[in-house]
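A.B. asks: Assembly of the complex is requested from the two constituent chains, each provided in isolation within its own frame, with the hints serving as guidance.
The listed protein sequences correspond, in order, to chains A and B.
By numbering that gives the first Met the number 0, the letter at position 126 of the first sequence is numbered 125, and the numbering carries on one by one without gaps.
By numbering that gives the first Met the number 0, the letter at position 173 of the second sequence is numbered 172, and the numbering carries on one by one without gaps.
Any given hint might turn out to be false.
Under the rule of at most 25 Å between Cα atoms (straight-line distance), these lysine to any residue pairs were calculated in the SDA-like manner [as the list claims (entries may be wrong)]:
(1) B:K317 - B:F297
(2) A:K264 - B:K316
(3) B:K76 - A:W66
(4) A:K264 - B:M347
(5) A:K264 - B:W83
(6) B:K296 - B:L116
(7) B:K212 - B:M224
(8) B:K129 - A:S272
(9) A:K264 - B:A258
(10) B:K76 - A:P65
(11) B:K76 - A:P43
(12) A:K264 - B:D285
(13) B:K34 - B:I115
(14) B:K43 - B:D213
(15) A:K264 - A:F24
(16) B:K76 - A:P196
(17) B:K333 - B:I354
(18) A:K264 - B:M224
(19) B:K272 - A:P65
(20) A:K264 - B:P81
(21) B:K76 - B:F63
(22) A:K264 - B:D213
(23) A:K264 - B:G365
(24) A:K264 - B:D300
(25) B:K43 - B:D300
(26) B:K76 - A:A199
(27) A:K264 - B:E167
(28) A:K264 - B:P26
(29) B:K76 - A:G64
(30) B:K129 - A:I262
Hints are computed from structural coordinates only; laboratory data are not their basis.
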Amino acid sequence: MNPDFTHPASPWPHRWAIALACATFPLLWVGGLVTTTDSGMAVPDWPSTYGYNLFLYPWTTWLTGPWDLFVEHGHRLLGAMVGMMTIVLLALLWRRDDRRWMRWLGGAALALVIFQGVLGGMRVRFDERTLAMLHGCTGPLFFAVTVAMVVFTSRCWWLRESSAVPPSAGYIRRLALVTCILVYLQIVVGAVLRHVPVAAEPGAFVLAVRFHLFLAAAVTLHVALLAWFVLSHARTIKPLGGLAIILAGLVAVQLALGAGTWIVKFSVPAWVSDWISTGSVAVQDGGWLQTHIITAHVAAGSLLLATSLALALFGQRLLPFASAARDAVSRRWEAAV
Amino acid sequence: MPYRTLAKFVGIFAIVALTGCGQTEPPAFRLDMVKVTENEISPKHQQAIADILGAMFGTPDAPFAMPETGLDERKLKMAAGPVWSNEAGDKHGLYRRHCAHCHGISGDGQGPTAAILNPYPRDYRRGLFKFKGTFTAAQPTDEDLRRIILNGVLATAMPAFALLPPDEVDALVEYVKYLSMRGQMETALENYVFDEGLEPDAPLDPATDAELKDIIVNDLLAGVMEGWNTVVEQVVVPTEEGIPPTDRSAEEITASVNAGRELFFGAKANCVKCHGPTGLGDGQQDNYDDWSAVTVKFEDDTRALADEIKGLKQDLKKKTGDERAAAEKELKTKVAQLAVRNELIAHMLTPRRAIPRNLRDGTYRGGRRDIDLFWRVFAGIPGMGMPATGPSAPGGQGTLTEQEMWQIVDYIQSLPFEPISEPQVRRVNVRTVN
Chain A
0 MNPDFTHPAS
10 PWPHRWAIAL
20 ACATFPLLWV
30 GGLVTTTDSG
40 MAVPDWPSTY
50 GYNLFLYPWT
60 TWLTGPWDLF
70 VEHGHRLLGA
80 MVGMMTIVLL
90 ALLWRRDDRR
100 WMRWLGGAAL
110 ALVIFQGVLG
120 GMRVRFDERT
130 LAMLHGCTGP
140 LFFAVTVAMV
150 VFTSRCWWLR
160 ESSAVPPSAG
170 YIRRLALVTC
180 ILVYLQIVVG
190 AVLRHVPVAA
200 EPGAFVLAVR
210 FHLFLAAAVT
220 LHVALLAWFV
230 LSHARTIKPL
240 GGLAIILAGL
250 VAVQLALGAG
260 TWIVKFSVPA
270 WVSDWISTGS
280 VAVQDGGWLQ
290 THIITAHVAA
300 GSLLLATSLA
310 LALFGQRLLP
320 FASAARDAVS
330 RRWEAAV
Chain B
0 MPYRTLAKFV
10 GIFAIVALTG
20 CGQTEPPAFR
30 LDMVKVTENE
40 ISPKHQQAIA
50 DILGAMFGTP
60 DAPFAMPETG
70 LDERKLKMAA
80 GPVWSNEAGD
90 KHGLYRRHCA
100 HCHGISGDGQ
110 GPTAAILNPY
120 PRDYRRGLFK
130 FKGTFTAAQP
140 TDEDLRRIIL
150 NGVLATAMPA
160 FALLPPDEVD
170 ALVEYVKYLS
180 MRGQMETALE
190 NYVFDEGLEP
200 DAPLDPATDA
210 ELKDIIVNDL
220 LAGVMEGWNT
230 VVEQVVVPTE
240 EGIPPTDRSA
250 EEITASVNAG
260 RELFFGAKAN
270 CVKCHGPTGL
280 GDGQQDNYDD
290 WSAVTVKFED
300 DTRALADEIK
310 GLKQDLKKKT
320 GDERAAAEKE
330 LKTKVAQLAV
340 RNELIAHMLT
350 PRRAIPRNLR
360 DGTYRGGRRD
370 IDLFWRVFAG
380 IPGMGMPATG
390 PSAPGGQGTL
400 TEQEMWQIVD
410 YIQSLPFEPI
420 SEPQVRRVNV
430 RTVN
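With the rest of the complex left out, here is chain B (with noise of 0.2 Å):
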């Protein structure tokens, strides 16, 4: 007898464990709420999104590349869907094998770890990223991208995948590219919808919409496209005359040191303002990263909004009759947008101020060689709010001169053995300046 009912219960131990779990559901892509939200769009529309970008994408399992995008549907695919791998050591899903749980199934920087970061983990879908050695607006090069994926990002979460086969990391910056322009194609869907001022269950259907498809397809993806497709024209390459020679005598470093100095502080350049009279980083550090303004602004007008159903609900007491009714109902849709942003924000990742870096700690986030600090110079960092000293395109005008920005860099390089006293002479300056 005892044997049955040992066996009875590992069995309904197995039984519970093995469906109570069941199976879950594949990962899907998640659309933007706080866009969502933001413009307004009903939940049809929602849907009529979600299926337009399946469409264009496929799914976290099913990577799908429109012939427009320029992806290589091979590379997806190796780095989409469920982490496995043959008995050849090929691997697949890169992606949720050493992203995922960071950048999120969508990129959206969401990942479970996220929130425990600081920094996030990045946001793809604005096609926005810091440390690329392109013009300040421009988006990254495939380089740029397997730099920061070969070798992290220092001093955060981010990992360095040197340890990857080429042909992974490939796959790797495919797929990053991939959800950026899937991000920025939602974004973009999003504010058709909104400027059209589309009736909420107005149809939504490029499949019989062959107007709405052109649309799409001409306009909107051919606008996310221009910037993907025009990055080599924006590769930032420094003239040869600007670049210091590498046999340069004492003397010579000096001179520049002393010249990136007086940029530094001066108000031209104006890197004491964020970066601080010491270079501690202890300028301006209120300002949020463009990530994290969303959410304050998206906060901000959350409270706004209950604002306004306070005084609405003021306001219906002086009501009756129809005028009563019509109050009623609009304040019935603002109590219930508000339920829904005060249910998002509950789930919001904090946001975070852009806290200007300790130069004196020598630990450059984007690459510590020469041509990175210049990068970082030319271009700023985009999303921190650090401002480009280069022109923002190519062929325009910029507030510093290359041989100026190689100054700056030799300045820096040099920060981190520089007596903490010196530079506090100059605050009389700062003060002047800012």
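Next up, chain A with everything else stripped away, as it sits in the complex (with noise of 0.2 Å):
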């Protein structure tokens, strides 16, 4: 037998698992805060934070001082915290794990983990936009491999009860991780919205905006196949019904973040302005309301990612490939789509 299929020696790396994913979160989210509020040249140097090492920069000063020094700091001191736990995850799996293939997932996290912390100090460093783009892409990447790792380590994972093999479940693991890619790609896009340079074309912007909601019709679209099918076909089964539900539900979420986005910071368009009165305040820029929705979409997308993630790899692993013929009702759908 596959040595991948024996319980887990320690229930350690799957609860420090959720722990790193868990910081990792708001981490993604004072990651979108910088961008926001333009704080990224808050602080000037890197890896220090002027002129001091990142932890021994005072504190009162850190609270006390700017509103953008503090997220800049703030964000900088929750980086180099993931990156710690991360280091520890490593040493927890690479003793109490004896999947090879996991030892290495945590090593690959590491790196990603410090890679995305250089990209961020060049990004201060050469005060260069282009950087700063990669590294908002890089930063859901490091969630998603965390939640991989939570998911790998589950007890979901091991406990792979053969039941019924559901008449769609080549479908759905195919669909769970298209999916997954799309929306991935949507966050490249969103990357690129929010980095787009002070000089760029006009058309150019048009163009990520139409990709934007093109892959959003796309995203949604797919979700709410997979979440049909799932809950249809595969809803007993732990925790794909679940994760389906949390994928709708995020997704609508999503959609009315990305709404919200563009009304806080472009107001209402003016086609529907001619439909209904739009109220008597202008956009208030660096708002309360502009700052959070605008900051809530951006991490909003790094949830649905994981979130996607997640099933597409329990897909993968708890619903078996079904039999040509069962699948083709499932074939049908997707000719039809």
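C.D. replies: Structure below.
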């Protein structure tokens, strides 16, 4: 038998992986906040903070200083913490998980988080927006890796009860994977929108906006189909049903946040205000609502990525390939889509 | 071994990431290529104009204020350049942080997000602003610009920057004026080259040509500065007697609203022409705004040029010898011009019509105070075709008296509450008026 299928020796890698993922999400949120508030250059040096070692920067100055300094330095501290937690996870995996590939995954996660840290540093050192964009794309990727490690160390991953093969198993597996890739692509396009160079042509931005809207439609459609199939055919297989519901809910929230982002940034589009009166407040630059709706939209994108990845991985693991005949139903669906 | 492969992979990715993108060039001011093309300014003169502007105004990273402009260079430096801030919280690069993605580095209203917005962000380069408290053709005061930046423009993408500290707003006001003056100076230079009919490779360098330098400073720049320097004399201050008292009775207000309605639909003010018999803004809707009109003209001229080229090609067949060679040469330059024009058109913002406001909505972009509406009626909305009812310059004669303007203001403020059927009775008048 494949050693993968033995029960995990220790619950600690799983617990720590959860802690790591839970620490990474706020890090992403604050990272989004750095861009929303344009705080990236509030601390011009790196890895030091105004000449101080990162951890020795006087915390009173940090807490009582300017808002953008608070955000940027806070982001660095959180990042350092996540980096150290990744080291601990790697150690735990090395000692308590006998799957070689899992250990390597832990190593890859550490490499990725270091790379991400350096990217962030270089973005500051060179004041280079392209690097900021790359930094914004690697963050969600690292978050996805931490969530994958939560999945790989979870009980559900090990408790592979072979229930009856649902009729659309193959379809669900493929759909989940495609959804996950689409979501990541959407995150990349989102990062392009946020880090568009000031000297760019308006036409390029329009193109990116259109692509972002198109992908939003594509992701919504995929998630709707995926949720439909999982809930009607594989609901009983834990944790697929729950993940599908969360995923569908997240997409709904994310669409609302996306529309909200447009409104708090650019005001209600003229074609809408032709139909409904749109109140009497101008867009508030840097206002509480603007800052947090936009940042929430960015963060929810990562959450969507994480959920769709978890669903895809569990799907691969828990849904064996269905027989060709049974899969025909879903194939027809696929052709229709 | 796998360690090393991994390290190598990360290293290569990092190197590609860091060097592949490289460091992007600092943003530069762009010339107004539409004007340059219209005036057929040679590449040499384009460079010369850019150099002259550079000497007069500096670059987006290092602005320079000639004493003649009266601009405060310290404020400009705060607003210009890349975004950064220090430990004390002093912010730099304010324009790039808050404005450039809409209004563009050059203030041409063509920042990256411009095309998705309606209305488009303001192109500062013509010195033309909509919502101000000065006579119709005058520039805005600092106070006007400050008000727009603090309040934003309601129902458009122009945000309110009320959360910025006053010194940062001051710096931005200064920078908007700077970009405006720079843009107007650019146009003046481009018109000068055109008007002088300079040969494509004639020298254009004020450093070696004292006469040219004199023209640039004392003629062109002085012309631009006149509007900005005299703005204090151009402020519209309503006379005390005209301002309706705050303690009016309901009857007085009704009488004023009725008089305002009469004027709104009457021949003298003729607001109905654009805002329509119901005030829904459904009157004349086919005018282009002044910024778009430039684009439309450029597109029309380009179409005419394409037709001309067709004609030249036809004629060419009939020609022989030297005549043919000359015609071929002409054709070639025209074809090249057409290519340049078409390339430009592909990157221009789609022209937009000046759609009159729905006055029943009660949304006033330029501000909702009585004085804001008075200013709109008095001076019109520049750039949007909405005419002034007051005089065009101090001491002049307007179409309406101030009292009549205040009556219209009363009527506008009552319009959102007026039943929609009532004014339609007056449709008959409207037709005769038009």
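A.B. asks: With a cut-off of 25 Å on the C-alpha distance, tell me whether K264 of chain A and D213 of chain B pass.
C.D. replies: violated, 46 Å
A.B. asks: Next pair to validate is K76 of chain B with P196 of chain A; report whether the Cα-Cα distance is within 25 Å.
C.D. replies: This hinted pair holds, its Cα atoms lying about 21 Å apart.
A.B. asks: Holds or violated: are the alpha carbons of K264 of chain A and M347 of chain B at most 25 Å from each other?
C.D. replies: holds, 23 Å
A.B. asks: Would the hint linking K34 of chain B and I115 of chain B be met if the CA-CA limit is 25 Å?
C.D. replies: holds, 24 Å
A.B. asks: What's the verdict on K264 of chain A and K316 of chain B, does the C-alpha distance respect the 25 Å limit or exceed it?
C.D. replies: violated, 58 Å
A.B. asks: With a cut-off of 25 Å on the C-alpha distance, tell me whether K76 of chain B and P43 of chain A pass.
C.D. replies: Holds, at roughly 18 Å.
A.B. asks: Hint check: K264 of chain A vs G365 of chain B, CA-CA at most 25 Å. Holds or violated?
C.D. replies: It holds: about 19 Å lies between the C-alpha atoms, which stays within 25 Å.
A.B. asks: Has the given pair, K264 of chain A with P26 of chain B, been kept, meaning a C-alpha gap of at most 25 Å?
C.D. replies: holds, 24 Å
A.B. asks: Hint check: K264 of chain A vs A258 of chain B, CA-CA at most 25 Å. Holds or violated?
C.D. replies: The given pair, whose Cα atoms are some 41 Å apart, is violated under the 25 Å limit.
A.B. asks: Are K296 of chain B and L116 of chain B close enough, with their CA atoms no more than 25 Å apart?
C.D. replies: holds, 22 Å
A.B. asks: Hint check: K333 of chain B vs I354 of chain B, CA-CA at most 25 Å. Holds or violated?
C.D. replies: violated, 36 Å
A.B. asks: Given the hint that K264 of chain A pairs with F24 of chain A, does the C-alpha gap stay at or below 25 Å?
C.D. replies: Between K264 of chain A and F24 of chain A the Cα gap is close to 24 Å, so the pair holds against 25 Å.
Comparing the model with each earlier hint shows violations of hints 1, 2, 9, 12, 17, 18, 19, 22, 24; every other hint is respected.
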